[in-house]
Structure formats: structure tokens, C-alpha cells
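S.K.: The residues making up each chain are set out below.
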Amino acid sequence: MAPTETTTKAKEEPPKPTKPTKPRTLADMADSIDQETFNQILEMDEEGEHDFSKGIVYGFFDQAENTFEKMEKALDDKQLKELSSLGHFLKGSSATIGLTKVKDACEKIQHYGAGKDETGNTDEPDEKVSLGKIKKTIETAKKDYKEVEAFLREYFGDDAEPTSSS
Amino acid sequence: MFLDGRLSALSLEEKHARSPKSPLGDGDAPVKSPSLACIYRYTPTPTIVLDASMTIVEVSDSHHALSGRTRQSLLHTAITDILPAEIPAPNIPTLYGALCAACSTGEVQVVERILPANKILHNLRVTPIFDGSALIYLVLEALKLSEEAQSVKHAYMNETYKILVDTVKDYAIFMLDTHGNITTWNSGAAILKGWNTEDIVGKHFSVFYSPEDRMAAKPTRALAVCLREGRMEDEGWRYRRDGSRFWANVLITPIYQFNQHVGFVKVTRDLTERKEAEARMTAAFEESSRLKTDFLANISHEIRTPMNGMQIAMTMLADTGLSSAQKEHATIIQDSMSLLLQIVNDVLDYSKLSSGSFSLHSDVLDVNDVVGAVLRNCRPLLKHGVDLTATIAPDFPKRLRGDPLRYRQILQNLVGNAVKFTENGYVRVSTTCTPDSDEKGCCTVRTEVADTGIGVPDNAINTLFTPFTRFANSTLRQYQGTGLGLSICKSLAELMNGTVGYAPNPEGRGSVFWFTARMGGRSIVAPPKARTSTSTPVDRNLSMEMRAIAPHKHVLLVEDNMVNHTVMLKLLHSIGFTRIDGAWNGAEALSMIKKKPLSYELVLMDVSMPVMDGLAATGHIRDMGLQMPIIAITGNALQGDAESYIAKGMSDCIGKPVHRDQLLSVLWKWIGT
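Sequence lines, in order, name chains V and C.
When we follow the numbering used here, the leftmost residue of the first sequence carries the number 1, and every step to the right adds one.
When we follow the numbering used here, the leftmost residue of the second sequence carries the number 1001, and every step to the right adds one.
Honestly, the hints are just simulated from the structure, not real lab data.
Hints may contain errors.
Which stretches of chain V does chain C cover? Using the computed rule of at least three CB atoms under 8 Å from a CB of chain C, they are [stated by the list, open to error]: (1) 58-70; (2) 129-141.
Computed spacing ranges between beta-carbons, pair by pair [as the list claims (entries may be wrong)]: (3) K128/V - H1552/C: 53 to 59 Å; (4) N1377/C - N121/V: 41 to 47 Å; (5) E65/V - L1598/C: 38 to 44 Å; (6) N121/V - P1597/C: 35 to 41 Å; (7) N1368/C - E65/V: 55 to 61 Å.
Note that the Cβ used here is the ideal one computed from N, Cα and C, for glycine as well.
Build out the structure end to end from the sequences listed, making use of the hints.
M.R.: So this is what it looks like as C-alpha cells:
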């Protein structure tokens, strides 16, 4: 069900032309992508193709872009609770794929939105402070996201040769 | 009879006197003057007179009516040449027997109750006539039985029995002819079956059977069995005239008359009341047994609380610098108290076990560990010179799925007993594991405790595992206990699908107690304490075992995030699950569960979801009384989150991202066999 749906969606949107200077491997991305988790997704593929993992990852791209838009709107409306919930939502899926940096940023958004500090342990009573921190964190999250997105699009690249697992 | 004898003697004498001159052979010759010879010719009693050569010399006219043969055709015929029925006699051997006896003894012989062609019962009287020592005649008379004798004999019982049968009201006693038609009816039958005599006599006895039984020819078969076996007893539903039924005990016996089958006697008892009484007795017994168990449980529980208080106080008191005499007393109090507590705990366990409310907690079990712990525990009680050892098969699986606490309880009890009753020699514990041939991945663990103690006397073997029985002489202070230990072991072993047993120690003195327990998962991994970065090869076994059971489990996955939902779905498929339903929020999950409440054996539940979150959904599911494992899948890894989820009804918690091995071991923990 879901995988085919996402694959279709992904095909509607051609890969962005952000070409990296040199081809990178999964190992190069160790800071941004948790190898074990991402490999688990790759292992779910049938032999010799990446239909499932690609579907999942591209589905995540849709979800992420959508969520960032919603975050910016909620930020304008100063909807802290909504921001926390959006952070939590994207945290779940980015964690599932192993995008650690995005996940960490989202978790911070979740905590700030809930009126806490970045660890979620201490209260932050000032909404303005929270909103300010969220604004910055969304920037970070988007930057981190763009980075892994570029890599992953290249990794699953429609034109590129099917990259064997490193 | 005597008179008859005299008369015949007279007549014969006369005949004898006249015989040379008299034309006795000429039956048509008119008799001119009444002579004694006329007596045999005209007697109303059918009579044949034989001479010494067994030839017929006179036949009474009345005989014709009985035999259907003319006097002429019978005269001068040897008795051997006519049919026994025409005499009448039951058969040739009987007739010869009677004739020989008459000749040799000179006494009158009577052959009783012969049924000739006219169906009227007769006795045949054979009277020998001797002149001095020479036999001259034999007189054969067919004496008809009296009307009363006929009818009573026909009913096959005498008056006393008839009255008895007629007045019995608790039993239906009646007779059937050879075809099964009813010929007699007593008052018991009338009361029991609701038919009166006039209406039922002549009907076939199958009217008492259900239509199904009649279709199956049960009545006919009953008679056939009865003829073959000599009797037939049966219990079943029988029907009254008004159509109501009763639970009946039926006894049918065939009746024979002179070796001839003439019918059946049927006795029917109504067992409905007895059956009901039995049911009431059983119910009353169960109720009283339940009350006893409840009482035991309550009282034991109430005793335990103050006991604990006393124990703590005693321990504190012992530390207050007591004199040595005081210390000794304190020790006695402490020892007695721990014994008492043990007894109360035993009674509690026993009452829980006997009420069926005892449940096992499946966990990872290391048998070797448990055996070691039990041995350590029992060692201080070991008598000097007794050797306590344990052996375990080298291929014994390191980890099994079972209830470690209860396994330990049985072992503790058996080893404790062995140590208690062994003054010298050894106590040996040995454990083996046999893979189960029926169910893959299961095995039977057999643990034996052999000792060289006092053993078990033969007369106690049968009651060894019976509650509250003790063979050890209770007056010996040396051995104390409730007599519940072994019975608890038995119940616990049975709860683990095992058994307990006893055998005398084959090495002579002492006993061997053993128990078996069925355990799951011959090799499973312990739940990972910390996540490892690479999957270990040990996981392969668990993965295979999970694959064996997963297709039989119906799983509900509740997750709102499409990416996570898809990945979880794929992950579950890769583990081997095939029956997975998906829900996208708590409300949807709840409505799916409400539709088929007992269908799902496992729920994987995201915590934060729109519409209804996972915790609320879990609360509702638990409120419905459903106890399937609900495993939280959460991105919140804060300390205390997992605890709070479990407090709210979830069974376990997995953090995101979900890793296959971690998921496997958590799933195995909850749904592994």
C-alpha cells in the first residue's frame, strides 16, 4: 500500500539538480545518517533493487517538506503546541530512516514547543525565547535535511547506477 | 393318586384273569356286560396300556381327542413306533427314561408338563403293573392339568410373585412375548409410563423409545442382545404416554419354558431423581470445596501480615544486646516464626493452586542458575557428612522460556526434603532436557533429586502427593511441615505441563523424587541490556523460532506516521508475521478491536497520535477487559517515559528507531511460547 503510493509521488517530483562536487558514500554521511538504521531499511529491499527503501525515503521527503511548511506557518501563528507536535511527528519518521541530525533537531523543536529546554528536562517559561529557539532550530533542521536529501537523491538517483551497499 | 393306583391294579388283575379268553385285540367287538376292562376303554383320561413287550394292548377312546389317531391304528403297535407327541411325551429319551424307571422300580412315574398338539398342559403318569415279580402291563395316562394350574403356569409365576410384582410401584415390571409385544403390566409400569393395562397390552414395547431409537432399530437389537447374552441392561431416555421423557435403567431377561423361548421380562427404573440428586451433590461438594479454598486463602493472607510484623520486631529485638539465654529463646521464636510463615505460604499456594487462580509468569530461565541457587540455599541445613551435588547435561540449553520462580519452588521443596531427611550419604540433583517431538522449539526438563535418606515406606507411596498427608511420624519433632509441600510440587509441575514422581533409590537406601516441566525456546537470547551496534549470530535462532510462530499471530499496528507505519509493516513481515492490520490512530485501533475483540494477539501502538493517542486507546482496550500485550513504540526516550506507559496499561516499550533484533526480543518476550 504505502510504498507504491510514495513511489508514485516521488516520481512526480524530479531530483533536484544539487550536484555534489564528488560522489560520497554512506560512510561519509555517518554524522547525519545512522548506518545501522538505514541499512535495516535497505535490507528490506528485494535483491538487486531499491524499490522499497527508495519509496520510503522519497515518501519521507514529501513528509519533511510538508512538515517544514507547516512549521513555518505555526511559527508565524506562534502555535507552540502545534510546533511541538510537528517536531515530534517528523522526529519519528526521521528516526526510523536513521537521519540522526534531522531527528535531533526535530526533538529540540518538540521540546521547545512544549515549553522546555532542548533536552526536555527544564522548563522554559518564556514563549518568545522558545519561539526564537524554534526559528533557529527549524533553520538547522532544514539545512541538515537538504544535506541528506541531496545525498539520498544521488544515492537512489534515477540516472545513477544502482549503488551497491557499501 | 393312591385311589387311581388301586383301581388300576383291580382292573389289571381282572384283565389279566380274562386275557387268554377275551378277544381284547378286536376293538370293535361289543362289550356285553360292563367289566373292569371297560374302565380303560371308556375312561375320560386319555390312556394307553402296554404289555410287557411294550406293545399297545388297549387305548381309551378319549385318547383319540388328544393324539388325533384312531384306536385301531394304535392297537398292536410297539410303543417305539409311534411319535412321542401322540402318547403324549416330550421326547423319546424322556419317555424311555420314565418307562425304564417304572419297570425297574415298580413305582409310578410322572413326566410333568407336556405340551401336546392341543396346547393344553398334561402330565404323563406311567404305572407299572406287576404280578409278583413279573411285569405284565404298563398304564400310560395323560392327566390334564387343572384350570388354575394352567393359567398360573401360563403367566410363568406363582401367586406370591404375582402379588409382589403387581404391588411394586417404583419399578415397571412387565412381560413381552417373543416378538416384543407387551403381555403383562404392573402398577409400577402404569405409574411410570402413564399407560393403563388395557391400552398397553398387545402393543410393541418400542412405544417407550424415542423415534430416533426406533429408527435405529434399538428395541429389536435390545431383544437380540438379550437372547444372545442372556440379559440386557441399558440406561437411556424412555418416553411416557404423554411424550415426556425420563432417564431409565432397563433390564431385559429372556424367559424359557421347557427349553423353549416364550418371551421376556422387562424391568424399568426411573433414574431421573437419582441423576438430579447426583448433580445436586456434586454442586454442593464443589461449593463447599470452593468455600474451603476461599477460607484458607483469606485466613492465610490475614495471618501473614501480622507474622511479618512479628518477624521484623523479632529481628530488631535480637539486636538489642540480649543475654545468651535470651538469645537462645529469641532464636527459637525466629525459627518457629519462619516455619510458621512457610506453612502459611504453603497453604496460600495450595489454596491458589486448588482454586485454579495460580498463574505462571513466563520469563527467561537459566536452569543451571536456579539449581545453583537452590543448592546454596539448602547447604546450611545439610547434616554433617552428607554430600550435596548437582549435575547437568552438557548440551543443556543455557536459556529456556519458563517460570523461574515456580521451577525453583519445586526444586527447593524436593531438595529441602532430601536434605531434611538425609542423615548421611548424599543428595544429588541431576537435570536433563529432551526436545519436544510434538512442538518445535519446546522441550521437557526433567530434574531428579536422589538421596540416601530415610526413604518412603510402601504404605505411604500412594498418598505421597496428597495434600495434608505426612508419612514422617509427626510426633518426631525432628521433621516438621504441613504435608502440603509435595502436593504443591505436583500442582506446580502440572501447571508447567509436567509431572512429579517417586521411586526408591536404586542404590538401596533413600528415595528419588523427580519432576518434569515443559519449557519453550530451546535457545533464546536474553533481552539485550544495551543495544549492540551489530546483530549477533545468536539472534538467528530466535529469529527462526519467531518465524515459526509469527504466522499464527494476528497483530494490530497503530501508527500515524506513514513512513514509520510502512517501515514497521515491512519489518513485521520480515520477521514472519502475515496477519497484520494497520490503524492510523488510537480511535481507529479501538474500533477495529471492538469489532473483533479476541482476534488480536498483539498490539504495537505509537504513543503520540492525532484524534486519540496511544495511551488513551490502551486505557480503553484494558477497560474492555482485554489482556493482549500492547507494546508502545515511541520516539520519547526520556527516563521514566517507559514506566509511565506501563503504568497506564501498556505491556512494554520500544524506542524509535525500532531495530529488528530489539523488536524480535521484545516480541518474543510477550508472544514467544
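S.K.: Mind checking the hinted window 53 to 59 Å against the Cβ distance between K128/V and H1552/C?
M.R.: For K128/V and H1552/C the Cβ distance comes to about 56 Å; the hint holds.
S.K.: Could you tell me whether the CB distance from N1377/C to N121/V stays inside 41 to 47 Å?
M.R.: holds, 44 Å
S.K.: Three or more residues of the region 58-70 of chain V near chain C by CB distance under 8 Å?
M.R.: holds (count 3)
S.K.: Taking the CB of E65/V and the CB of L1598/C, does the distance hold inside 38 to 44 Å?
M.R.: Since E65/V and L1598/C have Cβ atoms about 43 Å apart, the given range 38 to 44 Å holds.
S.K.: Quick check on a hinted range of 35 to 41 Å for N121/V and P1597/C, using CB atoms only.
M.R.: Given about 40 Å between the Cβ atoms, the range holds.
S.K.: Quick check: do three or more residues in the region 129-141 of chain V have a beta carbon closer than 8 Å to a beta carbon of chain C?
M.R.: Our answer is that it is violated, as 0 residues pass the Cβ test (under 8 Å) against chain C, missing three.
S.K.: Range hint 55 to 61 Å: satisfied by the CB atoms of N1368/C and E65/V?
M.R.: With Cβ atoms ~56 Å apart, the hint holds.
In this structure, the one hint that does not hold is number 2.
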